[in-house]
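Using the sequences and the hints, build the whole thing.
Number of protein chains: 2
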Amino acid sequence: MPYKAIKEIGEFRLIGKISEIAEPTLEAVPDLINGIGDDCAVYKVSDTLLQVATTDILVDQIHFDLLTTPIKHLGSKAISVNVSDICAMNALPRYALISLAIPPSFTVEMIEELYRGMQHAALHYGIAIAGGDTSSSRSGLVISVSMVGEVHPDRVTLRKGAEPGDLVCVTGALGGAAAGLRLLMREKEIMLEHIENNEPYNRNVMADLQEYREAIKRQLLPLARLETVRFLEAQGVRPSAMIDISDGLSSDLQHICSQSGTGALIHENRIPIHAETRLIADELQQDALTWALTGGEDYELLFTIPKNCSGLIEHSRDISIIGEITEAEAGISITDIYGMTIDLTAIKGFDHFQT
Amino acid sequence: MPYKAIKEIGEFRLIGKISEIAEPTLEAVPDLINGIGDDCAVYKVSDTLLQVATTDILVDQIHFDLLTTPIKHLGSKAISVNVSDICAMNALPRYALISLAIPPSFTVEMIEELYRGMQHAALHYGIAIAGGDTSSSRSGLVISVSMVGEVHPDRVTLRKGAEPGDLVCVTGALGGAAAGLRLLMREKEIMLEHIENNEPYNRNVMADLQEYREAIKRQLLPLARLETVRFLEAQGVRPSAMIDISDGLSSDLQHICSQSGTGALIHENRIPIHAETRLIADELQQDALTWALTGGEDYELLFTIPKNCSGLIEHSRDISIIGEITEAEAGISITDIYGMTIDLTAIKGFDHFQT
Chain H
11 MPYKAIKEIG EFRLIGKISE IAEPTLEAVP DLINGIGDDC AVYKVSDTLL
61 QVATTDILVD QIHFDLLTTP IKHLGSKAIS VNVSDICAMN ALPRYALISL
111 AIPPSFTVEM IEELYRGMQH AALHYGIAIA GGDTSSSRSG LVISVSMVGE
161 VHPDRVTLRK GAEPGDLVCV TGALGGAAAG LRLLMREKEI MLEHIENNEP
211 YNRNVMADLQ EYREAIKRQL LPLARLETVR FLEAQGVRPS AMIDISDGLS
261 SDLQHICSQS GTGALIHENR IPIHAETRLI ADELQQDALT WALTGGEDYE
311 LLFTIPKNCS GLIEHSRDIS IIGEITEAEA GISITDIYGM TIDLTAIKGF
361 DHFQT
Chain C
11 MPYKAIKEIG EFRLIGKISE IAEPTLEAVP DLINGIGDDC AVYKVSDTLL
61 QVATTDILVD QIHFDLLTTP IKHLGSKAIS VNVSDICAMN ALPRYALISL
111 AIPPSFTVEM IEELYRGMQH AALHYGIAIA GGDTSSSRSG LVISVSMVGE
161 VHPDRVTLRK GAEPGDLVCV TGALGGAAAG LRLLMREKEI MLEHIENNEP
211 YNRNVMADLQ EYREAIKRQL LPLARLETVR FLEAQGVRPS AMIDISDGLS
261 SDLQHICSQS GTGALIHENR IPIHAETRLI ADELQQDALT WALTGGEDYE
311 LLFTIPKNCS GLIEHSRDIS IIGEITEAEA GISITDIYGM TIDLTAIKGF
361 DHFQT
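Read top to bottom, the protein sequences are chains H and C.
Every position in the first sequence, counted from 1, becomes a number in the numbering used here once 10 is added.
Every position in the second sequence, counted from 1, becomes a number in the numbering used here once 10 is added.
Take the hints with a grain of salt, since some may be wrong.
Claimed, not checked - Here are the simulated DSSO-like pairs of lysine-lysine, each with C-alpha atoms no more than 30 Å apart in a straight line: (1) H:K170 to H:K27; (2) C:K54 to H:K54; (3) H:K170 to H:K198; (4) H:K198 to C:K198; (5) C:K170 to H:K14.
To be clear, the hints were calculated from the coordinates, so they are not data collected in a lab.
Written out as structure tokens, the structure reads:
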């Protein structure tokens, strides 16, 4: 019997197989509006209220490294990445459940610090930490957060729904989280080298990361774009499709297009990249645009709106219009600063099983 | 600065510390009725509907051993233990979210098999597998399931609510899951010995476990007591307090008493123990009562009802009345078959951090 390694098929085809197996279970619950394949599941609670639900698992050495991550920040990030998924449905977060698998080396104080980070983020977003589960772990720390949010049926936004002619918008700036990660990894290597060579690692040899504060903060303490959800509601704009950028702009735009049955054309010179991100890319001899397209973990919102809504968002400093939705036949492309058009589907985002 | 190992304070005091940190976040969400400290969080959706939500994390080598656990059974069990938490609130399960951290050694076929077990259980309970998250893992498999259920405000049952004079009831039989686990562990040892000695391990040397089918099934494929929730509703009985037996009767009865501010007196000769469980205990020179009191993982329901409801449940073959709720001052005790009264608080259930 042939056995297939998961990395042979990758994360998204694995999710496809999982969806197929889960499919027959959906019939039991007629109020379910949307199952696997979006940022959240969506189900009807009443004629005026939908709930959305999401879960994210964070694994030591895969999603974080405690050598470079203050544990309180990690707690905050675990909340933020789930809030970001709720925001991607144009919904407001309400309740969080936290599951932990805790290695033997962890102390009570470390768990308290982790929860203080979660508490801080929960208070920021106005959500309740309402329950959870704790277990021991034979290996590293595992954090699984599940979150329930609410949205009016007229406001909910799925990945599908983009139409040719819609504008492609993105919040904030991209690539910063990837830049921050590269800096932290470099710093970790320097630290480990010093330890290996029995040399002191202290403030004298540590890089001054103060000037790269923003990028490191983007990596360690990302904030979900709850204010964008509120802004869009205040402006009376309902996006036709939305996703949060967790895998990278390229991959996440492809999710919108494949589920909407469309293509897209975006423009390099409109992609918001922070000056600091460009500086870090220069210093590390890397490409800031690649970080923006494939770095992931920016937790910005990528959404599409009908063209006639552009006036309603153009005064927002936080939203950039980076391109347009096209017919599927036109493909998914980016024009570079020289006017060349490049196929975006050749540029992949993060895949947990193919790294 | 003094650092405390988690095993010094144990699982329940750790949860206490977590609750304190989470407490301030509860104020943001006035619809939240019950936070950390019960089998589920409870929140109001409308005047006629509450939702309950729970999460359970299953970790390789802590909660399961793939040497003795068919992976499809594991999928089914991951669903059942969450349904059991929903049932403990007297609620009906609706939606499940599944998070997996998958080790590199896992194949696509193994994940499909895991999900087929989940699908099987989901169809059995009538719940939708509505979403999830997949990640790689540097070590063992981690499964985190979160589940949302529904209950009418007049039916919801918390751990608190037991009153002196109430009858203490339990469904099914206890200790079977512990008996099954001991058998599987013995079989694993025999297998590993054979492998170590380069001797074949095949059907000729494998123990015939057919006669212990029920106990092994209790361990590998427990079923949540959804039919008890339906039965109680049909009978018009609302338990005053309820919990599912995941840590063991002793520990879980103490949870009801501490949250209700009561004591309890139960009777050894009324505790339902399957004949097969007693046989296995004899064979392994262990004590079946200890398994029933502290073995855990039986996923039966432990609940209390007003004395005048006893007539409504006495025709159920699945429910045993094992004792009575008392004033707090009387403590929490068990009378043995010789009439001796023993303090139950000295008999501890499973603690993830003190094993």
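Which constraints among the numbered hints does this structure fail? Numbers only, ascending.
The structure breaks hints 3, 4, 5; every other hint is satisfied.
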